[in-house]
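These protein sequence lines map, in sequence, to chains X and V. So the first sequence is numbered by the numbering used here: it starts at 1 and just counts up by one. So the second sequence is numbered by the numbering used here: it starts at 296 and just counts up by one.
For the record, the hints were derived by calculation from the structure and aren't laboratory data. Worth double-checking, as some hints may not be accurate.
[Stated by the list, open to error] Cβ-to-Cβ under 7 Å is the rule here; a few derived chain V residues that face chain X: (1) Ile308; (2) Gly552; (3) Gly558.
A quick note: this is a predicted structure, and the numbers were derived from the prediction, not measured. Even glycine gets a Cβ: it sits at the ideal position worked out from N, Cα and C.
Below are the chains, spelled out letter by letter.
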Amino acid sequence: MQLEQVRTESAGFWRRQWRDAFGPISDGEGFYRHRVLVRLTHWINALAILFLLGSGLNIFNAHPRLYWGNYGANSDFAFLSLDAVDAPTGTMGITQIGPWHFNTTGVLGWSKAYGEFQYRGWPEWVTIPRFQDLADARHWHLMFAWVLVINGLAYLFYSLAVRHIQKDLWPTRADIQAIPGSILDHIKLKHPAGDAAKRYNVLQKLAYLGVILLITLMVLTGLTMSPGMDAFFPWLLDLFGGRQSARSIHFICASLILFFVIVHLTEVVLAGPINEVRSMLTGRYRIPRNSKEHS
Amino acid sequence: MASAKSVTRRAAIVGGFAGAGWLIANASSLTEDQSLDHVFRAVEDWTKTAQRGLLYRDRLAREYSPADISPTFKPNGTYNPGTDEYNAHVARHFANWRLKVDGLVANALSLSVADLMRLPRRTQITRHDCVEGWSAIGMWTGVPLGLILKAAALKPTARYAVLHCADNLTGEPAKGGEQSPGQYYESIDLIDAFHPQTLIAYALNGKALDVPHGAPLRLRVERQLGYKQAKYVERIEITDSFSRIAGGRGGYWEDRGYEWYAGI
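Can you make the complete structure from the sequences, with help from the hints?
Structural data, given as structure tokens:
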């Protein structure tokens with residue numbers, strides 16, 4: 001490749017980035033992608049999930065052990081625990097998963113909080129509030145649980161009414177057949193352009209439907225932990241196999257939501273962060289042109 | 296030129312994100328200086344109203360089968376009140392223990408454990424859920440609190456049953472306001488007090504309550520969390536308000552920031 005050609009291509013790349021970011025979207029390449037209620041509920045949901053994850057880990061620290069079944073306390077078998085154990089070399093943080101034990105000193109089980117080592121399941125930099133306090137963490141958690149539920153119901157009712165879920169998220173038969181190809185596209189970091197960019201690809205659809213399911217499970221398992229709700233909806237206990245199973249599923253679903261968030265943010269960066277974030281703010285999305293059109 | 300509408304929208308977006316960022320950055324200090332206390336209290340009220348709306352009076356907590364009982368029922372809080380007076384009661388097998396019922400009642404009562412055991416009893420296998428997250432299942436036997444309160448004949452102004460306990464859990468400072476003493480106490484409203492599963496329990500798993508589990512008498516209020524299940528109960532005071540008792544929030548843990556309504 002000639003040096004001159006590289007210079008021209010590189011300048012073209014930066015011009016496009018600049019234009020994508022700040023230039024007006026001309027007719028034909030702009031596309032109204034997200035409705036205002038979907039955008040609003042998206043950001044409220046993001047904030048609620050951030051606070052719920054942080055305060056949830058603080059609550060978890062009050063008893064950093066997970067069980068299966070109706071009951072579970074210190075003398076019962078925990079399939080996961082974060083513990084601090086005294087060793088000849090000093091206290092160690094030990095993470096136990098089933099029969100396996102890992103040394104997680106400094107991060108899980110035994111970590112520094114406000115400058116001093118403490119017995120803490122999760123470290124201060126992931127909990128809300130930073131300091132360990134079950135009562136305070138529960139206040140944040142229950143407040144944002146209400147936000148999550150009200151916001152989530154608003155999203156669900158609206159999206160079903162305007163057929164957003166049915167039309168944009170529900171996979172078609174063609175989608176299902178396209179799964180292997182879509183996986184390949186994702187591995188090659190190939191993002192759709194032109195008309196294909198107006199629709200969600202099948203993996204995206206499944207991921208969004210999956211996170212709706214996970215949030216629903218979070219709410220239901222959260223309610224199963226409530227002795228009051230169990231008196232009203234005893235079937236919740238049967239659905240999840242007991243209160244301690246529900247607590248464990250609550251934790252597992254939270255981990256999967258965190259995994260979703262990581263993949264989601266990675267995809268936003270890979271697909272063009274400015275265009276993607278702008279479309280979730282203003283609704284307008286610039287349709288990426290096919291590579292042959294702008295080469 | 297940007298239109299007025301788009302300027303307003305831009306301001307709303309920037310303002311919304313600035314607000315959210317501020318909340319995230321200051322979550323810990325806002326918690327520490329209790330500036331969101333009234334918001335959290337409003338949330339607790341919604342939760343209570345919502346659950347009370349669903350839980351009509353006699354809706355029962357799940358009862359389990361003997362096979363579901365925890366091999367070890369974890370005790371928590373006070374393991375032994377350990378005062379001279381309490382130790383003397385232990386030595387005499389609680390023969391002189393009295394449960395007093397007073398306050399807004401027509402007939403103040405003073406009942407021995409033997410008196411209570413002669414009253415109609417209820418046995419239930421229920422799950423105890425600690426606010427920390429663990430659970431234990433046990434079989435409780437005791438007198439429905441409603442029966443005792445009926446015998447005491449509540450006055451029309453009665454609203455709460457405050458349970459005064461023999462144990463002192465010092466060490467945890469109270470939050471906000473006056474430093475409250477460490478004497479354990481709890482309170483429930485009359486909806487829970489008259490619930491059929493609410494007991495003054497004297498036996499766990501078929502045996503007289505042992506000291507770590509609250510001998511000789513403890514409360515069971517099955518639709519709420521563990522800290523409501525007061526142990527070592529020696530007095531039930533019927534009141535119209537608990538604001539003048541200890542820290543004023545209706546319980547030992549409530550004075551330390553926990554919700555008075557512990558249904559979730």
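Okay, the hints, checked on the actual structure:
1. The closest approach between the C-beta of Ile308 (chain V) and any C-beta of chain X is roughly 6 Å, which is under the 7 Å cut-off, so the hint is satisfied.
2. Checking Gly552 (chain V) against chain X: minimum C-beta separation of about 3 Å stays under 7 Å; hint holds.
3. At about 3 Å, the closest approach between the beta carbon of Gly558 (chain V) and any beta carbon in chain X falls short of 7 Å, and the interface hint on this residue holds.
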